[in-house]
Each structure stands twice: as structure tokens, then as C-alpha cells.
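If you count the sequence shown from 1, you need to add 811 to reach our numbering.
Among these hints, one or two may not hold up.
DMTMM-like cross-link-like pairs, simulated, lysine to aspartate or glutamate; straight-line CA separation at most 20 Å [as the list claims (entries may be wrong)]:
no., residue 1, residue 2
1, Lys838, Glu930
2, Lys1049, Asp1109
3, Lys1002, Glu930
4, Lys822, Asp948
Pairwise CB distance ranges, derived in the manner of DEER restraints [stated by the list, open to error]:
no., residue 1, residue 2, range
5, Ser950, Val1014, 38 to 44 Å
6, Ala1009, Ser967, 41 to 47 Å
7, Asp1109, Tyr820, 24 to 30 Å
8, Gln1089, Leu828, 42 to 48 Å
9, Ala1033, Ala862, 28 to 34 Å
10, Tyr859, Ser967, 52 to 58 Å
11, Lys966, Asp1074, 18 to 24 Å
12, Asn884, Val964, 46 to 52 Å
13, Val1014, Thr986, 43 to 49 Å
14, Val867, Val964, 25 to 31 Å
By construction, these hints were calculated from the structure, which means they are not laboratory data. Backbone N, C-alpha and C fix where the C-beta goes; we use that ideal spot for every residue, glycine too.
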Amino acid sequence: MVKLSAARYGKDNIRLLKVERDATNPKLQYVYEFTIRVMLEGHIASAYTHADNSPVVTTDSMKNTTHILAKKNPVSPPELFASILGTHFVTTYDHIQKALVHIVQHRWTRYAVDGVPHEHSFLRDGEEVRVADAEVDESGEILLSGGIADLLVLKSTGSAFYGYIQDKYTTLPETWDRIMSTAIDSTWTFKPFENLEAVRSAVDNFEEGYQSARNITLKTFALDDSASVQATLFKMCKLILAANSLITDVKYALPNKHYFEIDLSWFEGLKNTGADAQVYAPQSNPNGLITATVSRDD
């Protein structure tokens, strides 16, 4: 005997770009490019267990709905649009009990021509993305999170690593000055919202939360005299929680991007280690991975 313990289905990799024009100056435009995933849960078991498609909202409909709602609603900030999408599915279909929407916002940055920001020209200035997730249930309650991913950073000094366990398995030497690099992946969770209107009333917090978290991350990475990735990570989390009262917890995943000194002393006694190090060998695998979640005490 078996049973269906859990089920959800949906449409992944829905691509969308929206152009918004300034009401007073149509030449001043804004672009938003998303990759979206929509997943649904509810009374859909018979589609799996009895080959009954009657409860199935097609994934094609999910794609079309996403495009239509993007036309009829603001898509920025992505937390709001994710909430609009999720609310649509749980209110339109009685048998759908939960909608989960994941949005990846690709980075387009307005650039300057002759020192003046151009009204409608943009560049992709890196692989960093902004992410947003909404979980909407049939009661209307919305759980939201925002984040950044693939933000590649490096500083050439201001990082150390020493005082760790050294036993018969340890070959890593202590260092008081090293290159520190990582691809930042961070997520922050907001307090639950009662419904879509509550999300709309707090909409400014999402853009402010994103900008603040990104700025804090970059500033702390640069200025912290880092004793370890772990210690720097914890400082970032504390500062983000202090900056936005609607955020309840912050999570980071920071993979180490290693750059190792190259001993060149074999060639004419060339010094390239310790304080003399200038040429390094970038490493791929394996790499350290440091993660943590920091939450409010209350």
C-alpha cells in the first residue's frame, strides 16, 4: 500500500521583460527582466493517483497569466509582483490551497553617455541577480523573502585566518593577510503579511530592504578587518536586521574563492610568498562553504 504524501507542480523558467515609461517623459524608461517559477499545491492528488486531469491548471495558463498580470500591474519591486501572482492563483481556483512564486530579477543598469545617464539605454554589469519568493495560502496570508545571489566580490588584503584547530590532518598554514573572495548568496525573510493589501502598504520596505542589505554587504565586506568569513558574515546579518524592522532573519551562503600563493623561489630566488606575494593561482575545487542564519531574539 502506498499514498501520495506531497505534491506540487507548476511552470518554471517563465521569461519576462517589462518596459515602463515615465508618465511625464516617455523617453525616460525603466526595464525589468525576470525569470519566474510558479508552483501550486492543493486538491490535485487525483491527477497523480487516478490519471484525472480535471483539477489541473495547465502550466501554459500559468505562463499566460504571468504575462497578463505583468501587463496589468507593477512588477517592481519583485516581492510585490510575486505576491500579486500568488494571490491570483489561490483566489481564482478554489481547490488551490497554496501558491509559491520564485522570481529572479536580472540586472540591467542605466549607463551614462557623455556623463549624463541615458534615458533608455542599459548594460548588464555582472551576473548578480536579485531574488524574491512569495508563499501565498488560501487564507490570503503571504510569506515573503528577498535576496541577492551570485554577487562576486574580492578584496586583496584585510583578511586573516589563524587560531584554528591544527592536528595531524592539518596542512593549511595560518595567515594574517590573504585575499578574500566569495560569491555572495543572501536571503532575508520578512514578517508575515495578512494579505495582498498589507503587502501593498509596505511596498517601500522591499526596495529599501534590498538596497540596504546590498550596501551593507558590500561595505562590511570591504571595511571589516576580517578574522574569518564566519565573523564577517555575522556582522553583515546584525547590520541588516538593525536597518529594517520588517526583516526577521538573514541567511548567507558564502563559498570561498581561493587564491593561493605561488612559491617562485626556485627561479633565481624570486620572492613571492608572505609579504612579497603578488602572483597567485586561482583555485576552482574544492572550496570552503560557510553558511549561517541570524534571527531576532524575539
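Ascending list of hint numbers which this structure does not respect: Hint check: 3, 5, 7, 9, 12 and 14 fail, others pass.
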